[in-house]
Amino acid sequence: MTGAIGKPTPYIDAVQKVTGQAMYADDYKFPNMVYVSCLRSTESHAKIKSLELKKAEASPGVIAIVTGKDIPVPFGVLSISRDETAMAIEKVRYQGEIVAAVAAETIEAAEAGVKLINVEYEPLTEFFTPQDSLKTCTPDEQIHAHTKDHKNIHKTAELRFNEPEKELETAKHKQTGEFKFAGVTHGFTEPHSAVAMWNGDETLTIISATQVPHYLQKNLSKVLGLPLHKIQVKKPVLGGGFGGKSDPFPHEMIVSFLSKKIKRPVKCTFSREEVFITHHGRHPTEINMSLSCDAGGKITALDADIIIDGGAYGSFGVVTSYYNGVLLQGPYEINKFGFRTRRTYTNKHQCGAMRGHGAVNPRYAVETLLDMMAHNMKMDPCDLREKNFLSEHSSTVGEFRITSNGIRDCIAAVRKKSDWDSRYGKLPYGHGLGVACGFFISGSALPILWNRYPQTVVHAKLDFDGRIVMFSGASEIGQGSDTLLVQIAAEELGIPMDFVQVEVADTKTTPVDLGSYSSRVTFMVGNAAKTAASNIRNEMVKAISKEKDTTAESLIFRNGRIFTKDKSLDITWEEGVEMAMAGRGAFVESGFYISPKLGGNFKGAGAGLSPSYSFGAFISEVEVNPKTGETNVIKVWGAHDCGKALNPLAVEGQIEGSIHMGLGQTMSEEMRYKNGQQLNANFFDYRIPSSLDTPDMDVTIIESNDPEGPYGAKEAGEGPIHPVLPSIGNAVFDAVGVRMMELPITPDKVLKKIKENV
Amino acid sequence: MEYYHSPDSIKDALSMAREFDGNFIYFAGGTDVQIYRKQKLEKNEHIIDLKSIQDLNSISMKDEVLSLGAMTPLDDIIKSKEIQNYFPLLMEAAKSVATPVIRKTATIGGNLLVRNRCTFYNQSQEWRNGVGSCLRDVGDICQVTGGNNDCYSRNVSDTAAALIALNAEITLINSNEMTQKPLKDIYLPCGIKFHDLDNKNILTQIHVPFRPKKWWYKKLRVRKTLDFTSLTIAATVDNDDMARICLNGVSMAPILIEESLDTLTIESLIKQARKNCKTVDNDLMPLKYRREMINVFLEEWWEYEHHK
Amino acid sequence: MEKVTLTVNGFTQSVLVESHETILDTLRNRLNLTGTKKCCDEGTCGSCTILMDGKPVLGCLTPTLRCVGKEILTIEGISSGESLHLVQKHLVKSLGLQCGFCTPGVVMTAIPFLEENPHASRNEIKESLSGNLCRCTGYKKIIDAVENAAEEMRS
Ligand SMILES: Cc1cc2nc3c(=O)[nH]c(=O)nc-3n(C[C@H](O)[C@H](O)[C@H](O)COP(=O)(O)OP(=O)(O)OC[C@H]3O[C@@H](n4cnc5c(N)ncnc54)[C@H](O)[C@@H]3O)c2cc1C
Ligand code: SF4
Ligand code: FES
Ligand code: FES
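Protein chains in written order, with the working numbering: chain C, 80 to 837; chain V, 79 to 386; chain E, 26 to 180.
Keep in mind that a hint or two might mislead.
[Stated by the list, open to error] Dumping the calculated DSSO-like pairs for lysine-lysine here, alpha-carbon to alpha-carbon at most 27 angstroms:
id, chain 1, residue 1, chain 2, residue 2
1, V, LYS259, C, LYS753
2, C, LYS214, C, LYS170
3, C, LYS134, V, LYS121
4, C, LYS126, C, LYS86
It is worth saying that the hints were derived from the structure and are not from the lab.
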């Protein structure tokens, strides 16, 4: 690679961001715009007996009020669980659910209107724990009418290969653990915000803080009964997502409906408390897992029974249910393998996808069991893992195709850098090291909504000015995808990055991309962009070689020039552009990505299938105060196989961000509820680590060069979070000899365990 | 309606206070009270901002007595060489409050008078509507204990613990008099009315007469910044071996235990502390653990004190 | 509503504001200076940090009426024309930002900090940013950037 690829590259939008010029959703203002404020339920599960709007309607400045009945069409990111409506109809299912929305001239007037709405509720039986929801109830008590057997179970996902339970029954070396994980939330800094505009040509434009413009377009079309071609979704600069902006949301339906109704721009921006209520974060999870090994430390079987607490609606839950199990198939070879996940509905904020989707909690469980196994068998935990890694170009028991795999290099790197071999198990009491590994998908091979199209298309446009514009539906959410598009075009065409600009995430002007989730963008959009840009180059080569009578193969594009090796031809980029455009003018080339056919032929075979997988190994060092139980993570060494670091700065940034987020879930973050009401819907008490709480980090990038990834790249946005949590848990064991089976590892839990231990 | 006033003398401030009696609030840094206003827990219409009043933000040492203007930002306290040298306990306490930027606005006076906190009270109005509010707000029961008489919200001032351990006195001014009294005497063991300042009183000065032989400070919190305390202990020992141990964050008011090291035992210290702290489950850190930590912290101080 | 005169980024103008309004809302909603971000609106994240007479304050906790007669500086007033402030330059260069939503607050915290503490150690820099919530970067590259800016400012 001779161009921009592989070089540390600042983001193309960084100057905009650092000067305050970048426009996020709430920064948009339009003439004649109205503001929306939402009335939210004070009950967790209740019938709406009456809803009195008169007073509010008469309140100064109020323009329109809408309720659930006005927008009754259900929606949801997955077509199999469209169980949510824009606002509650007839009954509310969680505290904080939107019951009515008031549009007014100012936000204050809208808020005043909300206060004047009277609702009467008739309480229904509330379900706050998954255990409650697993029990049979009366039809009336069901949170959703569609669940089976009068239980509030949303989904049961189960797969089993080669009877793991039999092996586990007789296994000599076996570890079993019951784990419990609190729910956590994304905590992105930019609150949800959307502005909708009904245009003169009877079309809708919505600017929304979303990671998935395409799914929003589809759901809006359903809910509003508006053809797809009349809906434009534009993603502005986004202040973080991490999965929390990857569903279509009620407020997006509400502002769109209202703008169509009152023919004015309509904006809704959430308060931080509303962001917590909206949630869609990681499911509270309970896992019962068993793992067995043979005498040599080779894993023989794994079985897990998992319950995830989904909250009031479906969201990505069906996928989450599968991911909790299927993503246990790596990075170790396990031939007898099984799991069952049950996702329950409860009367709490709904859960969905969050960085590391579905796989983070089970990863903690399996890595902890491995550590217990190593301890029990008196083996080094790194050695034990090394005995079990899947090899390159292999396949898992559930028929995931493994291509490149740099896990051995990962563990070797952190082992060396942390001085593991001379320090593990030998540090003074209160001080410890722990290791863990992980793997993750690099894009889901199957689209969420089945169709015959590719997963992404990128258009590259060349015009007389010599500029390349990359049109892509990909959603930049801080991960650097816009910069990546530019780097790829610059690389393919041998031009400086400033010749390339992007036009992105606008369903009217950019070809469809499915969105920024499941770590798919670098792999899929990267491949498509590469093809699009190289197609431009092919067109240019054709024209130039014809005009200059050279062979096509001899042309080199580099440093803004096009030349032959012997320099018999040596022209500027602009001259090349002119030749290419002669007689035809500006042109667009296209590239797309479609996954190869993968996977087995059984039900559930599609879950977790990916064209490639990333791998990683992390080691953490902790200090535990045995008197107070306070735990301090001092340093984390992380090595991640991202295939190829197209932008090493961005890859490091993703790994460091993952360490921070993983640390938060391990140590201090937790959605706390009492009777369905969140006790900590604010940043005082939902405790995201500050700069002072975040440990030193040592990041190693491992490049395994994936055969199908663009330039060999895979992913780095989500994979690196998985090993972080268990490496900390395992380090606590090394420090004070107690196993933390519940997250977060708060001081009270550590202290309790230490006391039980003596 | 709301009105904002910015008097530039104490006299003017007091006369405004008289004029808007019962319907005003003093603003120092405003970093505490602003949030109460946003959450509609503080609804008085008139804000009297004390910021423009001269001479309320000086740090001076005279005859070994440290005097602090009530409007001195916590950040100035942390950076004062005199305080670093002679009153490191106060510096540590001030440094443990909120975040660096907030400490540039937050004042020492405001910190001493920071409002008591409770998980079920310090929430938005919409949130409180969900549980039906509590005694201290407009409801009629305590959401923590179910009782209908007492509020157990916690005093969370970190510098109060330090300054009480340092035997500080304060000067208060109201329309007709200036009074000086021990800081500890202003706090009341009641979550609703947690200090006895007449609402027109302005806290003007804090005096610290005493430089301890030894001091100790510890704050229990989850993160190393921002978090309000779950337990703060400040302790001093003077030249006559008199120990002053002040606990905060675990009861409605700071708890002071004062006893000579000659007679004090760790057992009696813990017993007194546990007896005096009315700790209930109104902080997100588990109740049992917070109580346990009272013992652990006191033992840690004890060890420190007896370590030669 | 009250009519007040505010000096923001060197320009003095009159605006009508509510008496309870915070300077954060005035900047964003009335003066169209949306570079200052609202993330929590209660003092817990630092994204709304601005300078008042050179001193950093949280916009969401500061009444607009308190800003009368003061020099307010926002992120929009930091870089003069084409040249970025060194803190900005290094944030860009070291990728001390991803989504960028916390960035204006980080810039407005780091600049006065370095002015006051040109010789700050890495740990002091880390501590000075402890009220700025960033969910993307894990802080490392932010701290790197501020450290590099300090170094360049000294040389
Ligand atoms: C994110 C965040 C974190 C925080 N963390 C902490 C923490 O860790 N520990 C902690 O203790 N606090 C904390 N606080 C609360 C607050 O910032 C501090 O207590 C601060 O010191 C209060 O000072 P202030 O000047 O801003 O007080 P203000 O908010 O102005 O006033 C507080 C109270 O004191 C009264 N008052 C103030 N000065 C006077 C005076 N001179 N005379 C009479 N009455 C007066 C006011 O009327 C008001 O009732 C935090 C706040 C935030 C936003
Ligand atoms: S202790 Fe009880 S009465 Fe006091 S604030 Fe908390 S819930 Fe309300
Ligand atoms: S918005 Fe002001 S501190 Fe968060
Ligand atoms: S860069 Fe996204 S919050 Fe800091």
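Compare the structure with the hints numbered earlier in the document and write down the numbers of the violated ones, lowest to highest. 1 and 4
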